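K.L.:
Residues per chain are reported as follows:
Number of protein chains: 2
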Amino acid sequence: MSLIFRPLFEKVSSTYTYLLADSKSKEAIIIDAVHETKQRDIGLIEELGLTLKYIIETHVHADHITSSCPLKKKFSDAKIVLGEGNPVACADILIKDGDNLTFGKYKITAMSTPGHTDGCVSYVIGDKVFTGDALLIRSCGRCDFQGGSADKLFDSIQHLFTLADETAIYPAHDYGGRTVSSIWEEKAFNEMIGGGVDRAEFVSRVNAMDLSLPAKIHVAVPANQVCGANIISNG
Amino acid sequence: MSLIFRPLFEKVSSTYTYLLADSKSKEAIIIDAVHETKQRDIGLIEELGLTLKYIIETHVHADHITSSCPLKKKFSDAKIVLGEGNPVACADILIKDGDNLTFGKYKITAMSTPGHTDGCVSYVIGDKVFTGDALLIRSCGRCDFQGGSADKLFDSIQHLFTLADETAIYPAHDYGGRTVSSIWEEKAFNEMIGGGVDRAEFVSRVNAMDLSLPAKIHVAVPANQVCGANIISNG
Chain A
1 MSLIFRPLFE KVSSTYTYLL ADSKSKEAII IDAVHETKQR DIGLIEELGL TLKYIIETHV
61 HADHITSSCP LKKKFSDAKI VLGEGNPVAC ADILIKDGDN LTFGKYKITA MSTPGHTDGC
121 VSYVIGDKVF TGDALLIRSC GRCDFQGGSA DKLFDSIQHL FTLADETAIY PAHDYGGRTV
181 SSIWEEKAFN EMIGGGVDRA EFVSRVNAMD LSLPAKIHVA VPANQVCGAN IISNG
Chain B
1 MSLIFRPLFE KVSSTYTYLL ADSKSKEAII IDAVHETKQR DIGLIEELGL TLKYIIETHV
61 HADHITSSCP LKKKFSDAKI VLGEGNPVAC ADILIKDGDN LTFGKYKITA MSTPGHTDGC
121 VSYVIGDKVF TGDALLIRSC GRCDFQGGSA DKLFDSIQHL FTLADETAIY PAHDYGGRTV
181 SSIWEEKAFN EMIGGGVDRA EFVSRVNAMD LSLPAKIHVA VPANQVCGAN IISNG
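Line order of the protein sequences matches chains A and B. Everything in the first sequence is counted per the UniProt record's numbering, starting at 1 for the first residue and increasing by one. Everything in the second sequence is counted per the UniProt record's numbering, starting at 1 for the first residue and increasing by one.
For the record, the hints were derived by calculation from the structure and aren't laboratory data. Keep in mind that a hint or two might mislead.
If chains are identical, the list can't say which one is meant, so a pair holds when it fits in one copy or spans any two.
Claimed, not checked - Here are the simulated DSBU-like pairs of lysine-lysine, each with C-alpha atoms no more than 30 Å apart in a straight line:
# : residue 1 : residue 2
1 : LYS79     : LYS26
2 : LYS187    : LYS74
3 : LYS187    : LYS26
4 : LYS128    : LYS105
Treat the numbers as computed from the prediction; the structure is a model and nothing was measured.
One chain only, chain A, in its complex shape (with noise of 0.2 Å):
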C-alpha cells in the first residue's frame, strides 16, 4: 500500500493540481484544484474510487479561478483549507504553519510561506514540498499585489531551503514543461535566489521583475475569495 499521486497540468494558466491519496484507506486530497479542469478532477477521483478530505489552496490565485466550491459540492465531506488571514469566507479551515492535516496514514504540514500573497502556505509531505507560488523552478512569485513582500518571500524561500537538499519541490507553476525540481537545485540554480543571492540582492530582483497584471487578476480574485462559488459550471 503506497501514496497515489497524480500532478495534473492545466494548460492555459500553467498550473499544476496535485491530487494524493492513501492507496488503501483511498483518503485524498487536492492541492490548487482549477475551474476549467474540475471534470477532469471529479472523474479521476471517481475512478479511483478516493474520497476526498481535503481541498487546500496554497493561496489565492490572481491568474486562474479555483473549483474548490463545486469539488465541494460534489464531495461534500470534504473541507475547504486555506492559509490564515487570507480574505477568504468560504475555508473550513484556515491553517497555520505547523498544523498538520491528515489522510490515511499520510500527513501533511503546513508551512508558513508568505510573499508572493500575505496568505501563501506550503504543504510538506515526506519527501515532497508543494511550494504554490512561493518557490518556482528557477524562479518565485512575484511580490506585486494581495500583500505581497519581496522582503518576507525571501524569508520565506530561507525556510523553505532548511528542507533537506532532497526534498522534491512540487511547485503550482511552471511556464517551461518543467514539473519537479529540489531544494539543492534551487539553492544553486535559482535565477533569483540561488547562489547565495542576499536579501538586498533578491528584493531588487523581484522589484525588477516588470510583470503586466495576470489577465484575470480581476475576475480571478474575487472569485477565489469565495472558493468559486460565484462561477457558472461549465459543465
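Position chain B against the provided structure of chain A, taking the given hints into account.
P.N.:
Okay, now just chain B, sitting in the frame of chain A:
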C-alpha cells in the same frame, strides 16, 4: 542513492520527454526529447551533472521533431536508440523486444509495441512503463499512417496489460494535462480498450477515430528519420 526521474512537457504538441538518471553514477537516459525544448533539456542535464548515455525514441514521431541529433552533438558519447525496423539512418542502436539498456545501477527493457507505427517500442523500468503512443491515458495512438495497424496495436496493448496492475504508465502525450496512469486503470477505464473490449470492437473504434493528419507530419517524419539532423538550430 536513487533514481532521478524528471517528466518534462512540451506544450505545443503536448509531448512528454522523460529524463532518468542514477543519482550516484550520474548516468542518464532521455526518452522522446523534442526540438523546441532542447535548450531546457540540455540545461537540466548540465545542471544535474549527468552523463547522457542513451537518447531513446519510442517511435518516429509525426507531430513534433526530435532533438536526438542536436543532443548527440552536445553529448557526443550518447547513443541514439530506436526500435528495429524503423526506416531511420541515424540510430546507433536498433533495439528489439527484450533488449536491455543500463544506466548506473538501473536497467530499462524494450517491449515491442507496434500498431501506432510499425516500429513502436515501450520501455519498462521497475514499476514504470514508458508507452510512447501505443497506450495513452484513457486512449491510444492512431493507426492510420507509418505502417500503423489497429490489429497489431490490440496485441501490443494486451502485451502491456500483462505488466503488474500497479505499474505506472508514462505516455508520450496527454492532451488533458494528466501526467501518469496505471495498468489497472487503463484495463478498467481506457475508452478504446478498457473494460474487456474485444479485438473487433477495438479495431472498429480505432478506425472510427476520424482525425486530421498532424499539422507537422510532412516535416516531422522526414526530419525524425534522420533524428532531427536537418533542422536548423533555434539556439
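K.L.:
Against each hint, give a clear statement of whether it holds in the structure.
P.N.:
Evaluated hints:
no. : hint            : verdict
1   : LYS79 x LYS26   : within (16 Å within a copy, 43 Å between copies)
2   : LYS187 x LYS74  : between (40 Å within a copy, 26 Å between copies)
3   : LYS187 x LYS26  : between (35 Å within a copy, 19 Å between copies)
4   : LYS128 x LYS105 : both (16 Å within a copy, 24 Å between copies)
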